[in-house]
Amino acid sequence: MNIYVMLKQTFDTEERIVISNGQISDDGVKYVINPYDEYAVEEALLQRDAHGGTVTVVSVGPERTAEALRTALAMGADEAVLIDGDSIPGDEFSIATALAAYFGQQSVDLILGGNFSVDSGGGQVAVRVAHLLGLPHASSITKLDIAGGKASVQRDAEGDTESLEVALPAIFTAQQGLNEPRYPSLPGIMKAKKKPFQRLGLGDLGLTEANVAAKTNRLSLSLPPERKAGQILKGDPAQQAADLVQLLRTEAKLI
Amino acid sequence: MSKTFVVVAEVRGGSLRQVSLEALQAASIAKNEGDAVAAVLIGSQITTLAADLAGYVDGRVYAVDHPELEIYNAEAYFDVVQNVFEQVTPDVVILGHTALGRDLAPKIAAHLGAGQISDVTAIEQNGGEAVYTRPIYAGKAFEQKSFTGGPQVVTIRPNNLSPAPSVSPPGEIIEIDYAPSGSLRSIVKDIVRKTSGKVDLTEAKIIVSGGRGVKSAEGFKPLEELADVLHGAVGASRAACDAGYCDYSMQIGQTGKVVTPEIYIACGISGAIQHLAGMSQSRVIIAINKDPEAPIFKVADYGIVGDLFEVVPLLTREFRKVLV
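Heads up: the protein sequence lines correspond to chains P and H, in order. Going by my numbering, the letters in the first sequence line up with residues 98 to 352, in that order. Going by my numbering, the letters in the second sequence line up with residues 42 to 365, in that order.
Mixed in with the good hints there might be a few duds.
[Stated by the list, open to error] Below, computed lysine-lysine pairings styled on BS3-like, alpha-carbon distance capped at 25 Å: (1) P:Lys247 to H:Lys230; (2) P:Lys240 to H:Lys239; (3) P:Lys325 to H:Lys230; (4) H:Lys339 to H:Lys239; (5) P:Lys240 to H:Lys339; (6) P:Lys127 to H:Lys298; (7) H:Lys339 to P:Lys331; (8) P:Lys350 to H:Lys339; (9) H:Lys331 to P:Lys325; (10) H:Lys362 to H:Lys262; (11) H:Lys235 to P:Lys240; (12) H:Lys230 to H:Lys246; (13) P:Lys350 to H:Lys362; (14) H:Lys239 to H:Lys256; (15) H:Lys331 to H:Lys262; (16) P:Lys350 to H:Lys256; (17) H:Lys362 to P:Lys331; (18) H:Lys230 to P:Lys240; (19) H:Lys298 to P:Lys325; (20) H:Lys239 to H:Lys298; (21) P:Lys325 to H:Lys246; (22) H:Lys235 to H:Lys256; (23) H:Lys239 to H:Lys262; (24) H:Lys331 to P:Lys331.
Bear in mind the hints are in silico, worked out from the structure with no lab data behind them.
Chain P with its partners taken away, still in its complex shape:
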């Protein structure tokens, strides 16, 4: 099977967000593979080990993204492709157009991605790519079994579990609970250095800057209003419980 994983590099979820000069500051920020994409990488490796084939991890991003791709190679992926993000806007239309152009040049059996990215969080790219390629998709999956050219998947739909049968090739996005991503091993890290790593530009994908022009613009950024610590209730637990309900009625007026 030719298995592909769409991967994004994001800030570590421990990071606080600082805005300086109207931009999100990346000063000293630690980057990771988007946590949901990590499940996708792990699932790709499990499916390859069960059914044979290769796993290629693909990302659209700036040069620093190479580090995330190398981590995926160290986890066990076979090949990496970095599509030059400096010439492609961060708009989901643009990213999906570039990825679909890349996949259009490949022979694809299975494409996996994360349910959404923990930074911009639009949750659009994978479904857009599926549509552009004319492939069926299921998003937010928690189980994937492949047999006889078909995938049996379970997906999380707001707490309900849907079981679907999907004909391959297809695109799935990973939800938590799909698997437990492995850590890169030391031999894995050494081997990763020798694995194929391809860099592609817009021209290689047969695209021009006009093809990937952004459909949306960011006008400004803001931080949420800071919350202040409120009051710690006093007295014994029964008193605290009674006081709290009273405060919700009289002060917050929510009950």
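Given the structure of chain P, go ahead and fit chain H onto it with the hints provided.
Leaving out everything else, chain H in the frame of chain P:
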């Protein structure tokens, strides 16, 4: 040039979803004088619901009613939407940022070659152009976005816009036939409804949430009892999910769901930055924790330092007194 806004409304558990009315409100904020609004309702046996919906739509309601549309299927629902778009050409399509909306909206956007702004929490008019506010980094920051052109797709986060007011006279209902294609490549085989009768986490007005301090799956019982009394939903921190006390679908945080209820009751949750990102936009936060130094108290409006297994049942009793 006048535009046409099309709201794709949603049925869940036999009722119209509140977020669909919020999406109609989004259309009325974003539209300019002379723009038209239409709505689409897809499902099975939805005659009554279509009439309900029409009561909020100053325009046409396209109802597509077929037994095979009872359950959401991306391909089937997309076929339906395409049929509707033959009747009404959309300039702006608005959906709820729900399981359905998150799945269907990007497919519509790709089909239309449209930009999409997802998970919108506020809309403002700026000289005839709509400006959309949405959280990034799960609410650690917000961005304001606009479209560079059309067509446009927008998804609305539940619980953030007020629902559209009713209109009189109601909108005109137009029924559209649906013929199943028979060549769907994805088929829903089964649905396990873990949530039937329960309030959806993202739409809940009150959330009772448990962390590592809940200690076990059984430990969630008192939280569920409190949530039941409050007609709320039960959520969890990542620590509780990772420990196997509850399902990942309950997780609130930067991974997991971002929620904005009126009251958020955090029980035995320390308050890691990833969790705070997912709930700190709640209107009132209540923290119950044994550790007075827990970071959750720094964002809580009301804090109780104590054992949740003692405090939560007492709260249930007190709420029951005033609510029943």
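We went through each hint and held it up to the structure:
For the proposed pair Lys247 of chain P and Lys230 of chain H, the alpha carbon gap of about 13 Å is at most 25 Å, so the pair holds. Restraint check: the Cα-Cα separation between Lys240 of chain P and Lys239 of chain H comes to about 24 Å, which is no more than 25 Å; the hinted pair holds. Of the pairs offered as hints, the one joining Lys325 of chain P and Lys230 of chain H is violated, with about 49 Å between alpha carbons and a cut-off of 25 Å exceeded. With a C-alpha separation of about 30 Å, the suggested pairing of Lys339 of chain H with Lys239 of chain H is violated against the 25 Å cut-off.
Taking the CA atoms of Lys240 of chain P and Lys339 of chain H, the gap is near 38 Å; set against the 25 Å cutoff, the hint is violated. Annotation: proposed proximity of Lys127 of chain P to Lys298 of chain H holds, straight-line Cα distance about 23 Å (limit 25 Å). Of the supplied pair hints, the one linking Lys339 of chain H and Lys331 of chain P holds, its CA atoms being roughly 17 Å apart against a limit of 25 Å. About 22 Å separates the Cα atoms of Lys350 of chain P and Lys339 of chain H, which keeps this hinted pair within 25 Å; it holds.
Straight-line distance between C-alpha atoms of Lys331 of chain H and Lys325 of chain P comes to about 20 Å, which keeps the hinted pair within the 25 Å bound. About 20 Å separates the Cα atoms of Lys362 of chain H and Lys262 of chain H, which keeps this hinted pair within 25 Å; it holds. Simply put, Lys235 of chain H and Lys240 of chain P have alpha-carbon atoms about 17 Å apart, close enough for the 25 Å limit, and the pair holds. Proposed proximity of Lys230 of chain H and Lys246 of chain H is contradicted: the alpha carbons are some 32 Å apart, above 25 Å.
Of the pairs offered as hints, the one joining Lys350 of chain P and Lys362 of chain H holds, with about 16 Å between alpha carbons and a cut-off of 25 Å not exceeded. Restraint check for Lys239 of chain H and Lys256 of chain H: the C-alpha separation of about 23 Å stays at or below 25 Å, so the hint holds. For the proposed pair Lys331 of chain H and Lys262 of chain H, the alpha carbon gap of about 19 Å is at most 25 Å, so the pair holds. Taking the CA atoms of Lys350 of chain P and Lys256 of chain H, the gap is about 32 Å. The hint is violated against a cut of 25 Å.
Using a Cα cut-off of 25 Å, the hinted pair Lys362 of chain H and Lys331 of chain P holds, with the two alpha carbons roughly 21 Å apart. For the hint pairing Lys230 of chain H with Lys240 of chain P, the CA-to-CA distance comes to about 14 Å; that is within 25 Å, so the pair holds. Simply put, Lys298 of chain H and Lys325 of chain P have alpha-carbon atoms about 23 Å apart, close enough for the 25 Å limit, and the pair holds. Taking the CA atoms of Lys239 of chain H and Lys298 of chain H, the gap is near 17 Å; set against the 25 Å cutoff, the hint holds.
About 22 Å separates the Cα atoms of Lys325 of chain P and Lys246 of chain H, which keeps this hinted pair within 25 Å; it holds. The suggested pairing of Lys235 of chain H with Lys256 of chain H holds, with an alpha-carbon distance near 22 Å, which does not exceed 25 Å. Annotation: proposed proximity of Lys239 of chain H to Lys262 of chain H holds, straight-line Cα distance about 15 Å (limit 25 Å). Taking the CA atoms of Lys331 of chain H and Lys331 of chain P, the gap is about 14 Å. The hint holds against a cut of 25 Å.
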